[in-house]
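2 protein chains.
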Amino acid sequence: MAPQLDGFFKQVDDLSSHFIKRLSQAVAIPSISSDAARRPDVVRMAHFLEKELTSLGAEVELRALGKQPDQPTLDLPPVVLARYGRDASKRTILVYGHYDVQPAEKSDGWNTEPFTLVVDEQDRMLGRGSTDDKGPVLGWLNAIEAHQKAGVDFPVNLLMCFEGMEEYGSEGLDDLIRAEAKKFFADTDAVCISDNYWLGTEKPCLTYGLRGCNYYSVEIAGPGQDLHSGVFGGTAQEPMTDLVRVLGTLVDTDGKIQIPGIAEQVAPVTTGEESLYDGIAFTMDTLHEALGSKTTIFEDKKSTLMARWRYPSLSVHGIEGAFSAPGAKTVIPAKVIGKFSIRTVPDMEIDKTNEFVYKYVKEQFAKLGSKNTLKVYAQHTGNWWVASPKHWNFEAAAKAVERVWGVAPDFTREGGSIPVTLTFEQATGKNVLLLPMGSATDGAHSINEKLDKKNYIEGIKLLGAYLHYVAVEPQL
Amino acid sequence: MAPQLDGFFKQVDDLSSHFIKRLSQAVAIPSISSDAARRPDVVRMAHFLEKELTSLGAEVELRALGKQPDQPTLDLPPVVLARYGRDASKRTILVYGHYDVQPAEKSDGWNTEPFTLVVDEQDRMLGRGSTDDKGPVLGWLNAIEAHQKAGVDFPVNLLMCFEGMEEYGSEGLDDLIRAEAKKFFADTDAVCISDNYWLGTEKPCLTYGLRGCNYYSVEIAGPGQDLHSGVFGGTAQEPMTDLVRVLGTLVDTDGKIQIPGIAEQVAPVTTGEESLYDGIAFTMDTLHEALGSKTTIFEDKKSTLMARWRYPSLSVHGIEGAFSAPGAKTVIPAKVIGKFSIRTVPDMEIDKTNEFVYKYVKEQFAKLGSKNTLKVYAQHTGNWWVASPKHWNFEAAAKAVERVWGVAPDFTREGGSIPVTLTFEQATGKNVLLLPMGSATDGAHSINEKLDKKNYIEGIKLLGAYLHYVAVEPQL
Numbered sequence: 001m002a003p004q005l006d007g008f009f010k011q012v013d014d015l016s017s018h019f020i021k022r023l024s025q026a027v028a029i030p031s032i033s034s035d036a037a038r039r040p041d042v043v044r045m046a047h048f049l050e051k052e053l054t055s056l057g058a059e060v061e062l063r064a065l066g067k068q069p070d071q072p073t074l075d076l077p078p079v080v081l082a083r084y085g086r087d088a089s090k091r092t093i094l095v096y097g098h099y100d101v102q103p104a105e106k107s108d109g110w111n112t113e114p115f116t117l118v119v120d121e122q123d124r125m126l127g128r129g130s131t132d133d134k135g136p137v138l139g140w141l142n143a144i145e146a147h148q149k150a151g152v153d154f155p156v157n158l159l160m161c162f163e164g165m166e167e168y169g170s171e172g173l174d175d176l177i178r179a180e181a182k183k184f185f186a187d188t189d190a191v192c193i194s195d196n197y198w199l200g201t202e203k204p205c206l207t208y209g210l211r212g213c214n215y216y217s218v219e220i221a222g223p224g225q226d227l228h229s230g231v232f233g234g235t236a237q238e239p240m241t242d243l244v245r246v247l248g249t250l251v252d253t254d255g256k257i258q259i260p261g262i263a264e265q266v267a268p269v270t271t272g273e274e275s276l277y278d279g280i281a282f283t284m285d286t287l288h289e290a291l292g293s294k295t296t297i298f299e300d301k302k303s304t305l306m307a308r309w310r311y312p313s314l315s316v317h318g319i320e321g322a323f324s325a326p327g328a329k330t331v332i333p334a335k336v337i338g339k340f341s342i343r344t345v346p347d348m349e350i351d352k353t354n355e356f357v358y359k360y361v362k363e364q365f366a367k368l369g370s371k372n373t374l375k376v377y378a379q380h381t382g383n384w385w386v387a388s389p390k391h392w393n394f395e396a397a398a399k400a401v402e403r404v405w406g407v408a409p410d411f412t413r414e415g416g417s418i419p420v421t422l423t424f425e426q427a428t429g430k431n432v433l434l435l436p437m438g439s440a441t442d443g444a445h446s447i448n449e450k451l452d453k454k455n456y457i458e459g460i461k462l463l464g465a466y467l468h469y470v471a472v473e474p475q476l
Numbered sequence: 001m002a003p004q005l006d007g008f009f010k011q012v013d014d015l016s017s018h019f020i021k022r023l024s025q026a027v028a029i030p031s032i033s034s035d036a037a038r039r040p041d042v043v044r045m046a047h048f049l050e051k052e053l054t055s056l057g058a059e060v061e062l063r064a065l066g067k068q069p070d071q072p073t074l075d076l077p078p079v080v081l082a083r084y085g086r087d088a089s090k091r092t093i094l095v096y097g098h099y100d101v102q103p104a105e106k107s108d109g110w111n112t113e114p115f116t117l118v119v120d121e122q123d124r125m126l127g128r129g130s131t132d133d134k135g136p137v138l139g140w141l142n143a144i145e146a147h148q149k150a151g152v153d154f155p156v157n158l159l160m161c162f163e164g165m166e167e168y169g170s171e172g173l174d175d176l177i178r179a180e181a182k183k184f185f186a187d188t189d190a191v192c193i194s195d196n197y198w199l200g201t202e203k204p205c206l207t208y209g210l211r212g213c214n215y216y217s218v219e220i221a222g223p224g225q226d227l228h229s230g231v232f233g234g235t236a237q238e239p240m241t242d243l244v245r246v247l248g249t250l251v252d253t254d255g256k257i258q259i260p261g262i263a264e265q266v267a268p269v270t271t272g273e274e275s276l277y278d279g280i281a282f283t284m285d286t287l288h289e290a291l292g293s294k295t296t297i298f299e300d301k302k303s304t305l306m307a308r309w310r311y312p313s314l315s316v317h318g319i320e321g322a323f324s325a326p327g328a329k330t331v332i333p334a335k336v337i338g339k340f341s342i343r344t345v346p347d348m349e350i351d352k353t354n355e356f357v358y359k360y361v362k363e364q365f366a367k368l369g370s371k372n373t374l375k376v377y378a379q380h381t382g383n384w385w386v387a388s389p390k391h392w393n394f395e396a397a398a399k400a401v402e403r404v405w406g407v408a409p410d411f412t413r414e415g416g417s418i419p420v421t422l423t424f425e426q427a428t429g430k431n432v433l434l435l436p437m438g439s440a441t442d443g444a445h446s447i448n449e450k451l452d453k454k455n456y457i458e459g460i461k462l463l464g465a466y467l468h469y470v471a472v473e474p475q476l
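If you read the sequences in order, they're chains D and H.
Numbered by the numbering used here, the letters in the first sequence go through residues 1 to 476 in order.
Numbered by the numbering used here, the letters in the second sequence go through residues 1 to 476 in order.
Each hint should be verified, as a subset may be incorrect.
Per the computed footprint, the stretches of chain D lying under chain H, defined by three or more beta-carbons under 8 Å from a beta-carbon of chain H, are [unchecked claim]:
| # | region |
| --- | --- |
| 1 | 225 to 233 |
| 2 | 294 to 308 |
| 3 | 329 to 337 |
| 4 | 365 to 372 |
| 5 | 415 to 426 |
Keep in mind the hints are simulated off the structure, nothing from the lab.
The model shown is predicted, which means the values in this text are computed figures rather than measured ones.
Backbone N, C-alpha and C fix where the C-beta goes; we use that ideal spot for every residue, glycine too.
Turn these sequences into a full structure, and let the hints steer you where they fit.
Next comes the structure, spelled out in structure tokens:
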């Protein structure tokens with residue numbers, strides 16, 4: 001029997017102004033985790049959530065995480081842990097979100113003040129954090145409130161874990177999750193994370209896979225200090241010359257990784273998988289729009305989705321230590337550090353991949369016959385994640401999507417990584433579902449970040465509906 | 001008959017504390033031309049020179065240069081034009097120097113406060129601007145004062161041109177020099193610039209050649225904005241991938257420029273030239289010390305000096321628009337601008353060189369088959385300069401060096417450019433001599449910049465002695 005949701009849905013509609021106001025209040029707090037000077041605002045945001053949750057009747061704890069490793073005098077913002085409901089006859093669902101945001105300045109090119117939520121004539125709600133991830137976080141709170149005001153019994157026990165360092169590496173979170181796996185999170189039956197996006201703008205999706213990310217540094221050094229190219233040009237072997245030559249051997253223009261041993265680790269495409277891609281709501285036009293150009297590697301949807309989801313990619317991000325400002329400076333940098341990363345997929349192994357990368361980079365450098373010195377190392381590594389989309393957690397979410405949006409969701413993977421997904425899966429041993437609220441054009445880390453009003457309001461309904469379906473979904 | 005200089009020399013020695021104090025006062029003014037916030041200090045430095053020159057009886061004008069092109073609300077610092085002596089029977093010598101300095105912060109790694117002149121136990125005078133170029137500028141003033149106090153007739157009419165924007169592209173100076181060529185500078189018989197360094201630390205030199213510098217940007221763009229490598233990695237052609245591949249084709253580890261047409265323009269080595277290098281006071285040890293490593297291209301002095309002075313070199317300086325900070329950021333930069341420069345030598349032509357560079361870079365990019373777009377252009381160009389070291393201006397300076405230092409100077413060229421040299425030569429039509437005061441280890445643009453006390457005091461004698469010899473040197 002389908003859950004009775006009409007009362008709840010109506011209440012969400014009736015409270016929509018109130019919910020938008022709550023998001024305005026949250027967006028107005030510039031909780032930028034990467035900026036030490038904004039740390040008080042990040043903490044203020046935690047207290048805002050604490051106050052809202054408490055007023056809704058949730059039990060709330062702010063968990064201190066100690067000092068920030070790279071700034072030992074700076075306290076990490078607390079993790080907001082909350083529980084709503086303690087009914088042993090109900091399932092317990094753990095949800096995760098983050099209340100910190102990316103930096104934003106009007107002068108970056110925003111059309112509006114980034115920390116003032118503005119609803120424009122197209123019902124886009126513009127503001128830093130609107131879609132990433134304050135909208136989804138408040139979605140859970142709003143769902144609770146709408147149940148209360150509609151007089152509808154809340155279908156599950158809800159555990160909430162909202163962190164304030166997601167945009168700066170989730171410092172301290174993994175340890176907390178592992179430590180609480182058998183304590184605060186002990187009752188968890190399934191996990192739901194709302195912190196990603198639809199593949200396009202029209203059709204909801206459920207996400208069951210993520211690529212991993214190994215991030216590498218290639219450090220080449222020679223002279224004792226930066227040199228003037230007038231004085232030393234032509235007489236010294238320049239680290240920057242060596243570095244661009246090494247970086248130039250990693251990948252070609254069409255994304256083909258040149259490092260032996262990478263492609264060999266990739267799981268073969270199965271015949272069942274082949275047929276999956278055609279049905280996905282995704283067009284090259286959407287990609288071109290998101291890209292802001294037509295400079296794609298592939299011209300067709302299937303190759304593009306496979307390249308994003310199930311094949312590794314290598315991107316060169318930049319160079320530390322070289323001249324990077326506008327203008328002209330005639331420096332010979334003494335030490336330069338090239339940065340690149342590889343997005344990893346099943347069945348790649350982190351250690352094997354590292355070995356292949358180190359070996360190849362060293363070989364390429366050796367070919368140059370340079371007197372400079374080379375170091376190559378992984379800055380960080382993170383595994384890929386794939387869940388079973390046939391799990392009852394996903395089945396429930398799919399029914400909720402169909403109920404709210406009137407369409408069966410696409411089952412998608414993502415090219416990026418959300419490392420906490422894997423941590424939750426490993427620590428709790430439970431299925432993790434990614435249930436996005438926003439759409440592909442929200443511009444999470446960009447200027448003019450937005451969440452469409454429709455995605456927010458229907459998204460609140462979706463989160464609530466998901467809890468109803470997951471409460472009753474048979475465990476196969 | 002050799003000039004009578006003993007009285008002047010003794011007076012310089014007697015006034016040495018006074019001259020060091022004058023340098024202390026100058027160093028204490030942080031006249032950093034690249035920092036708009038320090039502009040009042042740059043102007044203060046101009047007024048300091050005006051006051052000192054006026055008290056010595058010179059006629060002084062501060063010439064306004066209008067606004068700074070890249071900061072239209074900011075006044076350029078004035079050029080200090082001064083004349084000492086109006087005796088039609090004497091030669092008129094035009095000297096140039098600059099009173100602005102490079103930035104410096106103690107936290108950059110200085111052992112002492114950069115804007116406090118400190119004389120250490122090895123008689124090194126540490127401080128920003130000590131050697132570049134406040135020491136040499138004050139050298140001219142000190143020479144005037146020592147003549148006055150010794151009661152020795154000043155041998156020439158001295159025209160002085162001291163600018164305050166040398167470390168930021170000498171904005172506005174070329175126009176002033178050309179405008180004044182037939183006015184303020186009209187009487188000039190020869191030009192002397194003291195703004196470079198000995199090749200080593202033991203033997204003075206006279207410098208008769210400079211390399212030019214063409215500075216290029218290679219701009220590769222694709223996406224409409226920076227992208228997340230998780231989302232777009234593997235599906236978009238990345239400008240950074242293309243750029244490192246193009247930059248990697250420009251030059252090899254041993255400095256060999258790969259662009260056809262560059263080496264072909266270089267003037268052949270003459271047999272007379274071959275023999276010049278052996279006598280030069282320069283050792284690979286000095287180079288290794290200055291370099292802070294042994295990562296040189298050549299193992300012998302002659303090849304090294306030729307590479308610095310008479311062959312072109314190509315240095316890759318950096319990339320604008322890519323990730324350049326410490327740490328890890330998984331960005332796909334939308335537009336990246338590689339910066340490189342070519343040091344040019346006789347008989348390279350600017351326009352031809354530009355053509356060869358543009359053609360080659362476009363060819364290399366075309367090979368990639370990329371959908372991204374390429375622009376390649378010169379940010380600035382500046383010609384090489386070579387004067388005749390047999391000119392009476394150089395002959396006089398050589399005699400002065402031998403008189404003061406007891407050794408015949410090396411005749412050297414430099415790998416860097418001092419663009420004003422060429423401007424003075426072209427505008428006045430007169431011979432230009434580079435007569436350095438400091439030595440190779442002074443660290444002009446580095447931390448712990450210094451001028452040895454001996455180089456300062458003997459340098460004041462040298463500037464004065466040069467004026468005596470150049471006053472009487474027969475014009476061949």
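Against the structure, the hints come out as follows:
For the region 225 to 233 of chain D, the proposed coverage by chain H is satisfied: 8 residues have a C-beta within less than 8 Å of a C-beta in that chain, meeting the threshold of three. Remark: the region 294 to 308 of chain D is confirmed as covered by chain H, as 8 of its residues place a Cβ nearer than 8 Å to a Cβ of that chain, reaching the required three. Closer than 8 Å: that is the beta-carbon criterion, and the region 329 to 337 of chain D has 6 residues meeting it against chain H, so the requirement of 3 holds. Judged by the Cβ-Cβ criterion of 8 Å, the region 365 to 372 of chain D is covered by chain H as claimed, because 5 of its residues qualify and three suffice.
Evaluation of the coverage hint for the region 415 to 426 of chain D: fulfilled, as 3 residues show C-beta separations to chain H shorter than 8 Å, against a requirement of three.
Checked against the numbered hints above, the structure breaks none of them.
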